[in-house]
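Line by line, the protein sequences give chains S and F.
Numbered per full-length UniProt numbering, the first sequence finishes at 335, counting up by one with no gaps.
Numbered per full-length UniProt numbering, the second sequence finishes at 335, counting up by one with no gaps.
Be aware that one or more of the hints could be misleading.
Unchecked claim - Calculated lysine-lysine pairs in the DSSO-like style (CA-CA distance at most 30 Å, straight line):
id	chain 1	residue 1	chain 2	residue 2
1	S	K179	F	K185
2	F	K137	S	K140
3	F	K179	F	K71
Said to hold, decoys possible - Derived contacts from chain F toward chain S, CB cut-off under 8 Å, selection only:
id	residue
4	Q33
5	I98
6	F114
7	L118
8	M131
9	N152
10	G208
11	K211
12	C273
13	T327
What the hints assert, rightly or not - Covered stretches of chain S, as calculated for chain F (at least 3 residues, CB under 8 Å):
id	region
14	53-62
15	94-103
16	202-213
17	219-227
18	254-264
If you are wondering where the hints come from, they were derived from the structure by calculation, not from laboratory data.
Positions of the beta carbon are idealized from the N, C-alpha and C atoms, including for glycine.
Listed below are the residues making up each chain.
Number of protein chains: 2
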Amino acid sequence: MSSVIVRNVAKYLPETVKNREEMRTHFASVGAQIDGLFDVGGRENHPYIQDYREETSVTMATKACEALLEKEGLTLEDVQGFFFVSDAPEYTVPSNAITIVNALGAGNDGAVKFVMDLNQNCTGLLSSFDMVSAYMKTRKDLKRCVLVSVFNSTHISHKENPATYGFLTDGSSALLLEKIDQKGKGILDSDTLIGSDGWELMSFPSAGYSKVFKEETSLRERTLRWDVGPAGWIPDKYMEVLPGLLERNGLAELDVDYFICSQFHEGLVKRTCELMESTMDKWLFVSRSYGYAGNASPGFAFEEGLRSGKFTEGKTIVWFSFGAGYTLSALLYRF
Amino acid sequence: MSSVIVRNVAKYLPETVKNREEMRTHFASVGAQIDGLFDVGGRENHPYIQDYREETSVTMATKACEALLEKEGLTLEDVQGFFFVSDAPEYTVPSNAITIVNALGAGNDGAVKFVMDLNQNCTGLLSSFDMVSAYMKTRKDLKRCVLVSVFNSTHISHKENPATYGFLTDGSSALLLEKIDQKGKGILDSDTLIGSDGWELMSFPSAGYSKVFKEETSLRERTLRWDVGPAGWIPDKYMEVLPGLLERNGLAELDVDYFICSQFHEGLVKRTCELMESTMDKWLFVSRSYGYAGNASPGFAFEEGLRSGKFTEGKTIVWFSFGAGYTLSALLYRF
Chain S
1 MSSVIVRNVA KYLPETVKNR EEMRTHFASV GAQIDGLFDV GGRENHPYIQ
51 DYREETSVTM ATKACEALLE KEGLTLEDVQ GFFFVSDAPE YTVPSNAITI
101 VNALGAGNDG AVKFVMDLNQ NCTGLLSSFD MVSAYMKTRK DLKRCVLVSV
151 FNSTHISHKE NPATYGFLTD GSSALLLEKI DQKGKGILDS DTLIGSDGWE
201 LMSFPSAGYS KVFKEETSLR ERTLRWDVGP AGWIPDKYME VLPGLLERNG
251 LAELDVDYFI CSQFHEGLVK RTCELMESTM DKWLFVSRSY GYAGNASPGF
301 AFEEGLRSGK FTEGKTIVWF SFGAGYTLSA LLYRF
Chain F
1 MSSVIVRNVA KYLPETVKNR EEMRTHFASV GAQIDGLFDV GGRENHPYIQ
51 DYREETSVTM ATKACEALLE KEGLTLEDVQ GFFFVSDAPE YTVPSNAITI
101 VNALGAGNDG AVKFVMDLNQ NCTGLLSSFD MVSAYMKTRK DLKRCVLVSV
151 FNSTHISHKE NPATYGFLTD GSSALLLEKI DQKGKGILDS DTLIGSDGWE
201 LMSFPSAGYS KVFKEETSLR ERTLRWDVGP AGWIPDKYME VLPGLLERNG
251 LAELDVDYFI CSQFHEGLVK RTCELMESTM DKWLFVSRSY GYAGNASPGF
301 AFEEGLRSGK FTEGKTIVWF SFGAGYTLSA LLYRF
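With the hints as extra help, turn the sequences into a complete structure.
Written out as structure tokens, the structure is:
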């Protein structure tokens with residue numbers, strides 16, 4: 001039996017970082033106050049691309065992958081599979097994964113045999129990791145794969161809306177996945193939940209891509225619809241999944257070393273921690289430092305766990321998130 | 001050991017079908033002759049959506065799924081996973097899979113626990129089936145899944161270009177995947193190949209999504225770039241994969257009952273058949289009847305194999321295709 005582990009993680013964040021003061025000034029100009037929201041949600045630094053003509057989902061993801069390969073002293077020749085996860089793809093033809101392979105290899109595809117683009121919104125990285133992990137185990141030739149996740153909020157957010165421009169930022173995280181001849185490591189189990197009522201309240205582009213190029217479609221309809229209400233019900237959804245996931249693996253909260261909840265909102269993390277009868281020292285939250293780059297953010301938190309020395313051999317974590325739709329994805333992972 | 005099999009397949013084709021004569025008239029008006037192209041490539045009927053305001057990738061895929069469930073006498077309650085494959089998604093937020101689940105269930109998500117959107121262009125259905133098959137085997141709760149593939153050429157093609165509007169059509173195919181307690185069925189093995197040189201010669205939107213809403217981006221750049229040359233080299237790429245895939249499974253051409261090659265171009269199918277030292281009676285090609293709806297077309301051919309009684313218990317097929325990027329995907333499948 002083999003396991004698929006996260007060998008390393010790297011991230012890319014745009015150099016332009018707007019701090020609390022700059023965001024306060026920006027939103028004051030449109031009559032919005034953001035301090036209460038930022039205090040509860042957990043925001044200080046907001047990385048954004050400087051120029052949409054220079055930075056895209058593809059360029060950000062490429063930089064995260066370059067950083068990842070450099071950390072491990074590898075080149076594209078050492079990677080057999082390449083998976084791109086985003087709800088802000090730069091292309092639909094070809095796959096973004098192909099364009100990144102090309103950028104990394106300078107036209108030399110080396111050993112890469114498989115590419116795929118995936119999208120499950122803010123839970124995309126976690127559910128894709130689960131799928132890719134299963135796939136790597138069935139394909140002998142996929143020993144090392146890159147799973148890169150990226151979000152381009154600048155393309156999607158409304159500048160006057162604190163819930164989008166204030167809460168969503170840009171960036172990419174890249175995971176190096178490796179298949180090892182050892183059982184009981186990597187993803188031990190997973191669970192998910194979905195719900196589709198009211199999906200249209202958060203949709204992009206709200207008119208649908210087939211209408212965005214048409215003259216009759218208003219500029220507003222070409223972009224993001226964000227009419228969702230308060231998110232206070234989300235921790236209850238987590239409770240429909242997390243206790244059961246632990247229990248069926250013979251585990252309880254005490255057996256879990258760390259939790260990585262969705263990085264969207266610190267208040268929801270605290271509430272989930274309470275419901276799980278846990279303590280916040282076991283819960284990672286990094287969006288004050290790095291912003292919230294959607295599906296890429298679970299990777300930022302995982303990297304922080306590695307960097308800080310928390311994630312050592314044998315440690316058990318529960319890594320979970322929540323996304324548009326809705327989707328809920330939870331992984332039980334062992335180092 | 002379990003296997004994941006294709007229990008059934010259904011398709012949706014738009015009601016508006018342009019025949020050879022109508023296409024000839026259309027292209028004559030822009031100075032292009034299409035008969036030679038259609039004879040060699042294998043085209044007669046061209047199904048297109050009637051009105052882009054009424055039909056989209058989501059509505060077409062929903063109809064294919066409805067037909068699939070009806071064929072099997074099932075409802076959404078009987079399906080645990082839902083996978084959407086397309087390079088013409090209608091939304092990126094939320095996943096298109098979520099919107100189809102909603103349409104099928106009238107707001108009642110029933111038993112569906114997992115959704116994912118995937119894109120690998122014209123090989124998307126095959127490679128997604130391979131990934132989903134592996135995933136279903138690791139997740140106890142995913143016993144029956146729908147894998148729906150769709151292409152909206154109307155959104156992408158240039159009306160004056162015989163290679164796009166003349167060769168690409170609209171439609172959707174849906175596969176019902178089922179996990180059974182029996183080994184040696186379903187996908188026995190798979191192989192893939194990619195190449196990324198010159199990916200930008202076939203790209204959509206050619207300017208990248210992050211620029212399509214900007215005034216400085218020309219209408220042409222907002223749509224498809226199709227500057228690829230002749231496709232005569234593709235059969236040689238198949239030969240880098242197919243013989244090896246058979247050989248490592250102890251099989252030769254004689255052991256394969258049927259081949260489903262890419263449905264893009266009949267001439268390339270014939271050439272591949274020759275290179276494989278096979279005979280055309282074992283090769284399925286359905287694009288004269290149904291057009292070529294990109295990633296959905298492998299599903300059309302598979303359905304034809306089922307419908308015609310060719311695909312019976314114990315039969316072995318090789319199902320493969322080629323897509324933008326490029327990507328090449330080949331499955332060895334047993335009934």
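Numbers of the earlier hints that this structure fails to satisfy, in rising order: Violated: hints 4, 12 and 18.
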